[in-house]
Amino acid sequence: MDSRVSQFAVPSQTAMDWLVLATAYVLLVLFLIGVFDVLIGLYGLFVTGQFTEPVALVRLLDTVLLLLIIVEVHRTLLAYVRDEPVIRIVIGAAIIAVAREIISFRLDDFATTDDALTAASAFSLLLIVLVVAYYVVYARIE
1 MDSRVSQFAV PSQTAMDWLV LATAYVLLVL FLIGVFDVLI GLYGLFVTGQ
51 FTEPVALVRL LDTVLLLLII VEVHRTLLAY VRDEPVIRIV IGAAIIAVAR
101 EIISFRLDDF ATTDDALTAA SAFSLLLIVL VVAYYVVYAR IE
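Quick note, the sequence shown lines up with residues 1 to 142 if you use the working numbering.
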C-alpha cells in the first residue's frame, strides 16, 4: 500500500517543485523591477534636493528593505526545492520585515499615543523574540 501511495506522490512533488521554481523566477523579476525603482527614487531625491529629508530617505529605505525581504523569500523557495532547512531564512526574513515596520513607524499613523505605544511595544517584543529564535536556530545548525 505504501509503495502505491508514494508512486502517486512523486509526480505531485515534482509538479510542486516546478511551481516553486516558477515562483522564484517571478520574485527575481519583481526584484529587478524593485532595484530599478530604487535607482529612479534615488535619482529623484538627488535631482529634487530631497536627499537630506528624513521622510524621503525612510521611504527609500523602506523599498530597499522590501527588496531584502524578496531576496529572503527567494532564498527560502530555492532552499525548499533543494530540501535544505529553511527556518533560519524564514526567521531572517521576519526580522527584516519587523525592522522595516520599526523604521517606517510614525506616530501620525495612530489615533492616540496609547495606540502608538502598544504598537511600538509589540514590535519591540516581536523583534526580540525573532532575534533570540534566530540565534537559537543558528546555534543548533552550527
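In short, the hints are calculated from the structure, not lab data. There may be inaccurate statements among the hints.
Stated by the list, open to error - Label-pair distances were calculated between CB atoms; the ranges are: (1) D17 <-> Y135: 39 to 49 Å; (2) A139 <-> V47: 28 to 38 Å; (3) V136 <-> D83: 51 to 61 Å; (4) D109 <-> V26: 26 to 36 Å; (5) A79 <-> L39: 23 to 33 Å; (6) T14 <-> S121: 42 to 52 Å; (7) I40 <-> T14: 38 to 48 Å; (8) D83 <-> S3: 12 to 22 Å; (9) V131 <-> T63: 34 to 44 Å; (10) A139 <-> D17: 38 to 48 Å.
Everything numeric in this text was worked out from a predicted model, so none of it was measured. Where is the CB? At the ideal position from N, CA and C, for every residue including glycine.
Results of checking the hints against the structure:
no.: 1; hint: D17 <-> Y135: 39 to 49 Å; verdict: 31 Å, violated
no.: 2; hint: A139 <-> V47: 28 to 38 Å; verdict: 48 Å, violated
no.: 3; hint: V136 <-> D83: 51 to 61 Å; verdict: 22 Å, violated
no.: 4; hint: D109 <-> V26: 26 to 36 Å; verdict: 30 Å, holds
no.: 5; hint: A79 <-> L39: 23 to 33 Å; verdict: 29 Å, holds
no.: 6; hint: T14 <-> S121: 42 to 52 Å; verdict: 46 Å, holds
no.: 7; hint: I40 <-> T14: 38 to 48 Å; verdict: 40 Å, holds
no.: 8; hint: D83 <-> S3: 12 to 22 Å; verdict: 21 Å, holds
no.: 9; hint: V131 <-> T63: 34 to 44 Å; verdict: 23 Å, violated
no.: 10; hint: A139 <-> D17: 38 to 48 Å; verdict: 30 Å, violated
Comparing the model with each earlier hint shows violations of hints 1, 2, 3, 9 and 10; every other hint is respected.
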